[in-house]
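All residue numbers for the sequence shown refer to the working numbering, where the first residue is 1390 and numbers rise by one.
Hint data in this document are derived by calculation from the structure and do not stem from the laboratory.
No experiment lies behind these values; they were computed from the predicted model shown.
Each residue gets a CB set at the ideal place from its N, CA and C atoms; glycine is no exception.
Keep in mind that the hints are not guaranteed to be accurate.
DEER-style ranges, computed between Cβ atoms [said to hold, decoys possible]:
| no. | residue 1 | residue 2 | range |
| --- | --- | --- | --- |
| 1 | 1711 | 1403 | 40 to 46 Å |
| 2 | 1717 | 1426 | 27 to 33 Å |
| 3 | 1592 | 1460 | 37 to 43 Å |
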Amino acid sequence: MNPNSNSRVTTGWLGQLPKRVDVYEVGPRDGLQNELRTLPTRDKARLIDALVAAGEKRIEVTSFVSPKWIPQLADAEELLRLVGRREGVVFSALVPNLKGLQRAKDARLEEAAVFISASEAHSKKNINKSIAEALAGAREVTVEALKGGLRVRGYLSTVWGCPYEGDVPVERVVDICRQLVDAGLYQLSLGDTIGVGTPRQTERILEALLKYIPVEKLALHMHDTRGTALANALVGLSAGVTTFDASIGGLGGCPYAPGAAGNLATEDAVFMLHGMGVETGINLEKLVEAGEIAQELIGRKLAGKYLQAALGEREKKASRRMQQQSAQS
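Throw the hints in and build the complete structure from the sequences for me.
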């Protein structure tokens, strides 16, 4: 269920914020696709189980892109079979074309996601199509998915800037967004693919879009390359946005955006939201456990700041206990 955007909490100079938001977990797909090492399917399922146990209700688990392009996600069907259906939880996947859509239908997927870039150069690098061609393809997938009973979400990449072209005109972003929403998407996620966005820029983009698109149709997908993901998310929150994409431990990046760091870390977003009195339905302690599993599976420390702070505090407590036991013996 989408949060009621009319239900707000007063928070001083920030004005009124939504009482509740959805955190849309993209770690198993957007996070893992950027890892050099391919995780075994059972390990991916273990991570997804931990995310569900933490209370996450919207999780993008994989992609039906050709395994030739993203071999890390070649096991889409097997993974969906392993995780099964969970009451109250929606699993989604990226679907690039009609062939991918058929695979998704056969796997009994409930929600599909289409993707487009706001930059011609990035679109060519990413999917070898112009923006116009990508729009036509997204509309085609959306129409067929809706006929098949799937909900469809959309991603628009490089909204805040492109690694090849630099600045992206807001007018172009607005035009593409209007076309995508008209195609029947229930939600459109705006992506700062290379993490160049600043709060004032985010404010300008949202002001331009909200003239034509209801705020409940929009989500934010911020990358933390330059440390501004939370700041930009806060601007969105103040504008009434109630869905934020995030990735456990800050996993992620983009194979076709050089230098793009990970996504906004789920636990960082949840910590901030809970501290501001905004509900998410997610258990932060269990989310840290999921982050610890992600870190174990990936084999390195992850970028999530709250995750590292929580794990560091746990290590300090364990060390103090050992010292006390040693002193008593």
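Right, here's what the structure says about each hint:
At roughly 43 Å, the beta carbons of residue 1711 and residue 1403 sit within the given window of 40 to 46 Å. For the hinted restraint 27 to 33 Å between residue 1717 and residue 1426, the CB-CB distance of approximately 44 Å leaves it violated. Restraint check, residue 1592 to residue 1460: a C-beta distance of roughly 39 Å satisfies the suggested window 37 to 43 Å.
Going through the hint list in order, the structure does not satisfy hint 2, though it satisfies all others.
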